[in-house]
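Residue numbers (our numbering), protein chains in the order written: chain A, 1 to 434; chain B, 1 to 434.
Because the hints were derived from the structure by calculation, they are not lab data. Among these hints, one or two may not hold up.
Which stretches of chain B does chain A cover? Using the computed rule of at least three CB atoms under 8 Å from a CB of chain A, they are [as the list claims (entries may be wrong)]:
1) 170 to 176
2) 261 to 274
3) 287 to 301
Rough simulated footprint, nothing fancy, chain B against chain A, three-plus residues with beta-carbon under 8 Å [claimed, not checked]:
4) 51 to 57
5) 106 to 118
6) 210 to 219
7) 303 to 314
8) 329 to 342
In this text, a Cβ means the ideal position worked out from N, Cα and C, and glycines have one as well.
Number of protein chains: 2
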Amino acid sequence: MSVPVTARPPLRVAVLGCGVVGTEVVRLLTTQADDLAARVGARLELVGIAVRDTATARDAVVDVALLTTDAEKLVEQADVVVELMGGIEPARSLLLRAIAGGASVVTANKALLAQDGPTLYAAADEAGVDLYFEAAVAGAIPIVRPVRESLAGDTVERVLGIVNGTTNYVLDKMASEGLDLDQAVKEAQALGYAEADPTADVEGFDAAAKAAILASLAFHTRVSLDDVDRQGITGISADDVLWASRTGYVIKLLAIAERGVGGVQVRVHPALVPEAHPLAGVRGAYNAVFVEAEAAGQLMFYGRGAGGQPTASAVLGDVVSVARHRVLGGRGPVESRYAELPVLPADQARTRYQIRLDVVDRPGVLAQVAAVLAGHDVSIETVRQSPLGDSAVSAHLVITTHAAPDHAQRATIEAIERLDVVERVVSVLRVEGS
Amino acid sequence: MSVPVTARPPLRVAVLGCGVVGTEVVRLLTTQADDLAARVGARLELVGIAVRDTATARDAVVDVALLTTDAEKLVEQADVVVELMGGIEPARSLLLRAIAGGASVVTANKALLAQDGPTLYAAADEAGVDLYFEAAVAGAIPIVRPVRESLAGDTVERVLGIVNGTTNYVLDKMASEGLDLDQAVKEAQALGYAEADPTADVEGFDAAAKAAILASLAFHTRVSLDDVDRQGITGISADDVLWASRTGYVIKLLAIAERGVGGVQVRVHPALVPEAHPLAGVRGAYNAVFVEAEAAGQLMFYGRGAGGQPTASAVLGDVVSVARHRVLGGRGPVESRYAELPVLPADQARTRYQIRLDVVDRPGVLAQVAAVLAGHDVSIETVRQSPLGDSAVSAHLVITTHAAPDHAQRATIEAIERLDVVERVVSVLRVEGS
């Protein structure tokens, strides 16, 4: 009873950007054309690929006749615009122009969404078109659709995500091979997992953008990049990784969004994750997002967080969804921000800490340190004391606390640093997922 | 610019069945009413709950005034019908009546979908309404939506699922505590993870229904329960679990759907999964679905596969989706069966096997056994030979093969059994996920 696919006019698809992901999107649009037509109900016709330089050498799958430097003109001719340029401009202007012209848009641009998502949402709403962005968070892993749609009848309490493959690869190498951070970053660069300038990854900027997007979706509240408390992995030493393992933890860079008393709190930082937690087993450059919801309980979504093919898979899933809406009518989810929960500063979070200290090795030292914690209402879960290497006069103290307000933890650490018997606060790491 | 929620007429929701899941659905509809209204764009009004006996004692959240035994009349008054009765009839007739009356339907009924999904799909298509069933596979885990939508631009190659929490709990207990099957089943029953009659779970019927649904979605092909080759866990001994661990594996009951040469193959059986595989870490009554797709690569979805609250979360996510379509227009995915791939019998699969044998302990025995495998073109990956307990005359041989056609593996095992030097084929298990 349905009209044959060939009877419907094809949908015109424009691709902006032809890097690694763009090339794979073009490949799937080309090689899977029949399957895509059957799934959409109309053929998807690639009408152009906007690039900066049409003369650059390209993969053979890219038809050079489709290349253009006139992205503005291209978006005006398309039913579906796929933005894979990255960065804020001209991506932002081109998406707004596409939307204003009535096109549905699919983007993988996490930075733009985290910075200016509301503008795009409002434009899409005005024009009545779809804005999809599954590939912007955790690459191939379906996480945006599950959070926006599958969990729409539930209350999300917390999201813990390993959403940056580069840093996960680096931390995993440090743990499995005892490398220090610089060595592990160099290895990641050699394998193409890290950029020549790894700042966006190792300093947590990439993860922070994804945290903002996930928090917005999970809590039906606008959360922007500026709301995210961010700390990267540059402070993590081989020694930290070793001590994590000795005490039953793995260090992961986590994007955390949680609902607490009075609002939501969104942060990115390295954290100790218990070895038995599902996130602890996420190795190499893989990503995973762990979600705790009131009724659903614990969920985890695992897969490749980057790379041309995995990201292209997520992009094409979105293309099929928005194209189907153009054929059959209807629209996907719009921005959901009705909850308008306050976004709280990081020191409002309640977290556990592991503090490592070098102390003078004499009786009564632990009692003094414990008194400082008690004085700040920070309760100790475990203490481990061991002689420090060859030294006869120093000891190493590893204290893991119960959850307490972040500001109390910070004040405690400052007070501990001032104790005469404390030679050095070696490291301070939050404990998550327990 | 949008019309306030209160300005739209409420959507009338009918719930069929008020067991554990039904009660939790009613609880969420009641306690989350404001959030649901904000997400849908209209209030969801619970207009009735069909039960067999209105006099049965219920949770306080269930308004007894809404109970009715007249399910047929109830479905005619509803915009959205949620079917949580289970079983084939009267669920099937009621859903068809609801659809014919123009209601959108949400069901968690895996048995009905696996047996008669096409009839429901056709009716929904005819009426132009939604048929959603996220809760039918792996409870709270969003897997139906990701496979139907997120992966719609990709080509799924294989699905490996731990989709039955009861058997996973039983196998996990056997592994962690050395229990035998009967003891572990009794413990599962005591904790409410297994029914008084555990047949549907331990014999793999429940997993087979879910395998049929997943295979249909993943391969755009109609797969029914009759197409699924099914074997339960009743043949698994404490000894099998012990030897699995000795050789680096964990035994899991897997629902497997894979695309091969000439078609798709769908089966349920216990299998050895390498300890490093993400599925091996799925403990207790948890479920997980591992998906391999051409572009996305490896994905895994993990969470609670059963229970009132988790299942209710999945149901409500569907209710929000279908309700939004009624408010904003549009429809969700319809049946996708354009690929029409042949469904191949189990002996067309290519699998690896681990075969354990008691043999006469004398020189040349391994050579004889190896010759039988070679004669059937089945290649050996590893062999482990050990003396058998106190016996001076017997040895235990553990052979793991490379992948070979199932029929060749079967013929090999029959030929090995006929060897004079073989005292007993102790166990034969397939190896998956490597």
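Going through the numbered hints above, which ones does this structure break? Give me the numbers in ascending order.
Numbers 1, 2, 4, 5 and 6 - these are the hints that the structure violates, sorted from lowest upward.
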